[in-house]
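Chain A is fixed; fit chain B onto it per the hints.
Read off the chains here:
Protein chains: 2
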Amino acid sequence: MPDSARPPRELDLAVSTVIFALLADRSGNTSRLWLPLVRRIRDPFGERWALPGGWAAPTESLVGTASRNLLETTGLAPTYLEQLYAFGDLDRSPTGRVVSIVYWALVRPEQAEQAEDSENVRWFPADELPLLAFDHNLIVEYALWRLRTKMEYSRIAHAFLGATFTLTELRHVHEAVLQKPLDPANFRRQVESSDAIVRTDERVTGGRHRPPRLYRYNGSIELADNGPLAHHQI
Amino acid sequence: MPDSARPPRELDLAVSTVIFALLADRSGNTSRLWLPLVRRIRDPFGERWALPGGWAAPTESLVGTASRNLLETTGLAPTYLEQLYAFGDLDRSPTGRVVSIVYWALVRPEQAEQAEDSENVRWFPADELPLLAFDHNLIVEYALWRLRTKMEYSRIAHAFLGATFTLTELRHVHEAVLQKPLDPANFRRQVESSDAIVRTDERVTGGRHRPPRLYRYNGSIELADNGPLAHHQI
Chain A
1 MPDSARPPRE LDLAVSTVIF ALLADRSGNT SRLWLPLVRR IRDPFGERWA LPGGWAAPTE
61 SLVGTASRNL LETTGLAPTY LEQLYAFGDL DRSPTGRVVS IVYWALVRPE QAEQAEDSEN
121 VRWFPADELP LLAFDHNLIV EYALWRLRTK MEYSRIAHAF LGATFTLTEL RHVHEAVLQK
181 PLDPANFRRQ VESSDAIVRT DERVTGGRHR PPRLYRYNGS IELADNGPLA HHQI
Chain B
1 MPDSARPPRE LDLAVSTVIF ALLADRSGNT SRLWLPLVRR IRDPFGERWA LPGGWAAPTE
61 SLVGTASRNL LETTGLAPTY LEQLYAFGDL DRSPTGRVVS IVYWALVRPE QAEQAEDSEN
121 VRWFPADELP LLAFDHNLIV EYALWRLRTK MEYSRIAHAF LGATFTLTEL RHVHEAVLQK
181 PLDPANFRRQ VESSDAIVRT DERVTGGRHR PPRLYRYNGS IELADNGPLA HHQI
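Residue numbers (this note's numbering), protein chains in the order written: chain A, 1 to 234; chain B, 1 to 234.
Just chain A, with the same shape it has in the complex (with noise of 0.2 Å):
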């Protein structure tokens, strides 16, 4: 439910996009998720934040409003982008009945620290935001039992980390995406018995004496599997 004037209609259908990024907190050390939202600038729910979003285009693909939503919000194009679900209960917008078709996607951190803040998008860490307008909460609730839900059968964690990582660094992306610490060794031992992941010849540069191993996404894997909708996908 974007934010502006409309004249009075049956039914109207919007598209919004929940973002997330995973980003060091304050003090640098653990990283959480974080999205952007929108300040609404006009009643219902002016003053609120809310998820970035769009009236439907008759011309534009739902998929093309989503990104377009995203480049307006963030500047940025996402390493992954994805039909998340389409809310329509009766009594989400006071002003209306209003459809919206939801995407989600994952931005990698050094994009989203490109992002500036404005006076009217800010980024909120996912386990710490404010009461917003609609049924955001429960859209952003959703999409977060999606992401965890995704992390555990498809390689989708790869889309917060760059081409080469270390086994630390894609430790630290699923301790914050499922909220809880894991064990090292038993993660170690997972990842490697698993296809996903391959070991390369490359260690991290800088002066440690045994510096960490950087490991790849086996490419021959989907990023996550939409079957017979990957077309779909950007």
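Some clues are possibly wrong.
When chains are identical, the list treats them as one kind, so a pair holds in a single copy or across two.
Unchecked claim - With a Cα cut of at most 20 Å, we get these calculated SDA-like pairs of lysine to any residue: (1) Lys150 to Pro228; (2) Lys150 to Arg42; (3) Lys150 to Leu84.
Source of the hints: derived by calculation from the structure; they are not laboratory data.
Positioned in the frame of chain A, the structure of chain B alone reads:
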């Protein structure tokens, strides 16, 4: 995209439903997935078969429209009904932009057998469909893929079975959905080692010397885990 004339508008929202049942084929031996289709009586795609559906109603929830479609087409209430995907490609309807929010439903054989064919409603085997209206072949293909994926990690097969069942009946569901034969001994071992299935003290009644044992699903495991949206399911 339902079958009624509408005034031209910028963008229309429809709700369609893919309904699967597992039925014995004409030989009575093997089970196959079947789905009911509706013959269109108007252009575009007049005379072609299509998924049951209707325009989204301003005063009805999306899942409410899907249930109503299902009731009107088959006379049935589904065992399982879930949102599948919103299809919104620019060129999917030749007469204007239509976004379809698609649900998928599973019904039990004894329910499907009550639903009678009529001149304009007919059940087809899922793997032998004619060329359907709009992008409905793609939609069915995606629904089949989702069903197969979901069967691997949830107890969705239950939606096709009664309260109790034999291991052979359960294996036939998996074989029909996956469209491949499974080794009975391996299947038995795999199912018995999971906590999804509970052995009962009952056996199939009948004159056989050693009638097969009946099993039931473990009620403490959800049919399909939909996380924070569990209350959106029927």
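Outcome of the hint check:
1. When the C-alpha separation of Lys150 and Pro228 is checked against a cutoff of 20 Å, the pair qualifies both within a copy, at 18 Å, and between copies, at 15 Å.
2. Taking the closest pair of Cα atoms, Lys150 and Arg42 never come within 20 Å of each other, the shortest separation being 35 Å inside a single copy and 42 Å across copies.
3. For the identical chains of this complex, Lys150 and Leu84 are neighbours both inside a copy (12 Å) and across copies (16 Å), given an alpha-carbon limit of 20 Å.
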